[in-house]
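*Asks:* Chains Y and A are the protein sequences, given in the same order. In this text, residue positions in the first sequence follow our numbering: the first is 5, and each later residue adds one. In this text, residue positions in the second sequence follow our numbering: the first is 107, and each later residue adds one.
Please keep in mind that the hints were generated in silico from the structure rather than gathered at the bench. For each residue, glycine too, the CB sits at the ideal point set by N, CA and C. Hints should not be assumed to be uniformly reliable.
Distance windows between CB atoms, simulated [to be verified]:
id	chain 1	residue 1	chain 2	residue 2	range
1	Y	21	A	128	28 to 34 Å
2	A	262	Y	139	28 to 34 Å
3	A	155	Y	144	32 to 38 Å
4	Y	13	A	155	37 to 43 Å
5	A	332	Y	91	52 to 58 Å
6	Y	172	A	151	46 to 52 Å
7	A	347	Y	178	34 to 40 Å
8	A	350	Y	162	30 to 36 Å
9	Y	91	A	350	28 to 34 Å
10	A	332	Y	144	57 to 63 Å
11	Y	152	A	145	30 to 36 Å
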Amino acid sequence: MLRRLLPVHFRAWVLIGCVPAVATAVAARQIYLSKLHELSTWKGGGMGMFASADGSTGRFAKLYIETPDGQRQPVVKLTPGQQKLLASALWYPVNGSFRDLAASIRRTNWAAPEQQTPVHVVNAEGKRVRPAGKSYYSLYPLGERPKGNDPDWTLAIEYWNAAFDPATRLVQARHVWTLRYAKGEL
Amino acid sequence: MTAQALPGIARGIETLAARIRDLPLLETVAALTLFLAVVFGFEDTPFRIISQLALLAVLLHRPLLDNPALWAMLAGVGTLALLQHWYVADNHKYLLVYWLWVVTLASLYEQRRDKLLLFNARFFLVFIFLGAALQKLFSARYMSGEMFEMLLLVDERFRAFSHLVGIDKSLADAAVLSYATLQSPLTEVIDNEIRLPATAHSRLVALAVTWYDLLVQALIGALLLANRRVCDLLAHAALLFFIFTTYLPAPVFGFGWTLIILGFALTKDRLPGIALAYFLACLAVLLYQSPWREWVLS
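Next comes chain A alone, as it looks inside the complex (with noise of 0.2 Å):
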């Protein structure tokens, strides 16, 4: 049985991928970043309006897609979100603008417009793991161990992981209840100094997770400036697996998205059953919106 049903799987693996290798580059590319612009955009009024004003005109009007109007309304609207905000925004906004106007260009400029996506997204994946991977090495209180053991123990957003990886609830409410009594203007703490409750086993965890978020950056970054096709393999295996990992504990789904989109760009052409595993990712980040902090909480 599950011999004959595995050809079978195989055929519609590669129908797929030659269905994915025949899709336009810019316009497929458009699509997704025009997806990732409505549900993950800036919460501004103005970019909110514009970019569903967008996807409503190309779904009336296909051709729109690959128009630079468009695109530069989107890339302008935008970037003055992002100046509004930004000390606030967090990296994968201006990534979005980054994007944005490269989609702009990539629409301006046809004679070479499949090089500019090409070469954007290769540099913005080197940019994001190298740059992330660089700062990380040169951060005294990253390479310590000491974030992740301040975030597994402490901060709201890491409950349910910490939790799923065996630090006790009561731990973490402990260790909040101390870091608060610290930040009250009514307790005077000796030396402003208060003890956490971690243990042997909160900080296995955060070391090890801190080593793999390290590796793992560097690695994808440096295997994707090399520029060859073994590389890029590993490079996107890596990326591939970042995306399905990373995304579960840490709720930035905008920044997986954007991640989908440039390692799509690079396989779409040259590894098309890679670039089908992108779009695996895709349905991956969108059903790790799912409640499931609170499922594992209860």
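The following block holds chain Y by itself, in its conformation from the complex (with noise of 0.2 Å):
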């Protein structure tokens, strides 16, 4: 087919030049979503490897369970599964790559301690200067929920990407946005 279609000498640089047409095209798409969707600028083929600080390491998500009475639980272990599902959609953390997250926490059974953990105020110290006056029941893993019986809470990913200031030594943690997965979207 090329063979019949092109001359000799452009078939040539056509074989020669497709694979860096292909990988040119795939580093321009990686820029583009990086700048304008939060792919991590480390991933998506655009050779951006320790080339920003928005690795894995400045990266995190806080998890909570929303029950229909206005409740808001943290859910703070996940399952190894969980957590490797968790790190991979961090590095593009769009709707679609927490599906598979979602899907599997809704799939859990949820167990909490009897006693609540009451919430600190922290400077940037670390130090504790006050009770927050709130408190929760700190979620873990259970085991699995038997087929169909899809829970009633829904679930909160909030997305968060962190910022150090060598200057002042300061770590500054930004809320970007948070994505929720309630009973029946999955």
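With the hints as a guide, bring the two chains together.
*Replies:* Spelled out as structure tokens, the structure:
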């Protein structure tokens, strides 16, 4: 096909240059997604590994289960599989990337200790300064739910990123967005 | 004694370099690429099975090493694995897939296979290094030294390296604890900011690594882009230095192996002495997998 359509010299250059052309297009797409859609500079074929502080160290998530009565409890422990899914999703923290993690969390039974953990306000030096006036049950995984038993709560995933200022030695965390996965959405 | 040994060593190096020059380019590059695919390839089951079967086939029947169907199959299954995990895959996995397609095309296109391999090897080295250098240059968060200081203080993978360059383990432990406090849903950190126990020394090390990494990458890319013999000599010396120094602290051995293949392809005929050094770099990358980090930390 290629032989009939293209002159010999041009055909040679198509064969020699087609892989570099694809690589360049992939890198251009990576730069676009990285600038506008939070794809990490480290990933996506843009050759930007170690090129910016938006690797796995600078990104994290806080997960909460929100019940219909308006309560909100943090998920403090994930299964190893869920930790892997979370780490993957944080490289490109959009709705589609978190779906597998959300589905897995919704399939899991969550248990809580009898006592609530009080929340404290902490200063920049890491010292507790006062109680925050609220407390949470720290949820941890306890096996899988039976199939077809979709719980009535909503999973909220807060995506955060952190920037370090070498002059002040302060790490500042910024809440970027929250994604919610309610009953029947997955 | 030394004076007698030196000419012998020099003769030995010359013989080895001549042997390297006599190797067929495609077959040697294909053998190194097959090793890369089997040892440092994708973790996906289909890719592992296909790459291991390809290795077995080549061991039983060596002419298969430049068989286009074998390479197309590997490139195809690699592409599928990459598409499945495109935003999680490291850059060297992208490079692996690109290079598998390059070897496929080279095995198909007999008349100009060497030209195809040489052009693509040079392109990808320039692409990797100038691409990385440009991304760094335009990233304010890279140029401030912020990234490497964070990595040195709170990233587990850099713990042994930090210790090796004089950053105390207790400092890194305190930094990890502070950072975990900031991430915890069970604390409310005022203004969402927390101080890391960074020091003037950690700052100095971070800035040194930041500038070294940028300059060495820009230098390699720019010199290879010039495509002159002297520039190539300097570029390969810098690339070998980069491989020997970078993959000791950074455990990205597949990337190191890919760079070795690309460098070897460019030097085999023109600079066989340097091609020999790339073979030594292969050994270094394999040795760097030893658990030296655990030794340092213990």
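*Asks:* If a hint holds in the structure, say so; if it does not, say that too.
*Replies:* Each hint tested on the structure:
1. Against the hinted window of 28 to 34 Å, the Cβ-Cβ separation of residue 21 of chain Y and residue 128 of chain A comes to about 30 Å, which satisfies the hint.
2. At about 31 Å, the CB distance of residue 262 of chain A to residue 139 of chain Y agrees with the hint of 28 to 34 Å.
3. For the hinted restraint 32 to 38 Å between residue 155 of chain A and residue 144 of chain Y, the CB-CB distance of approximately 37 Å keeps it satisfied.
4. In this structure the supplied range 37 to 43 Å holds for residue 13 of chain Y paired with residue 155 of chain A, their Cβ-Cβ distance being about 40 Å.
5. At about 40 Å, the beta-carbon gap between residue 332 of chain A and residue 91 of chain Y misses the expected band of 52 to 58 Å.
6. Take residue 172 of chain Y and residue 151 of chain A: their Cβ atoms lie about 48 Å apart, and the range 46 to 52 Å holds.
7. Against the hinted window of 34 to 40 Å, the Cβ-Cβ separation of residue 347 of chain A and residue 178 of chain Y comes to about 38 Å, which satisfies the hint.
8. In this structure the hint that residue 350 of chain A and residue 162 of chain Y lie 30 to 36 Å apart at CB is violated, the actual value being about 43 Å.
9. Checked against the hint of 28 to 34 Å, the pair residue 91 of chain Y and residue 350 of chain A passes, with Cβ atoms roughly 30 Å apart.
10. Distance hint check for residue 332 of chain A and residue 144 of chain Y: the Cβ-Cβ separation is about 59 Å, which falls inside the suggested range of 57 to 63 Å.
11. A C-beta distance of roughly 44 Å is found between residue 152 of chain Y and residue 145 of chain A, which places it outside the suggested range of 30 to 36 Å.
Taken one by one, the earlier hints fail for this structure at numbers 5, 8, 11, listed in ascending order.
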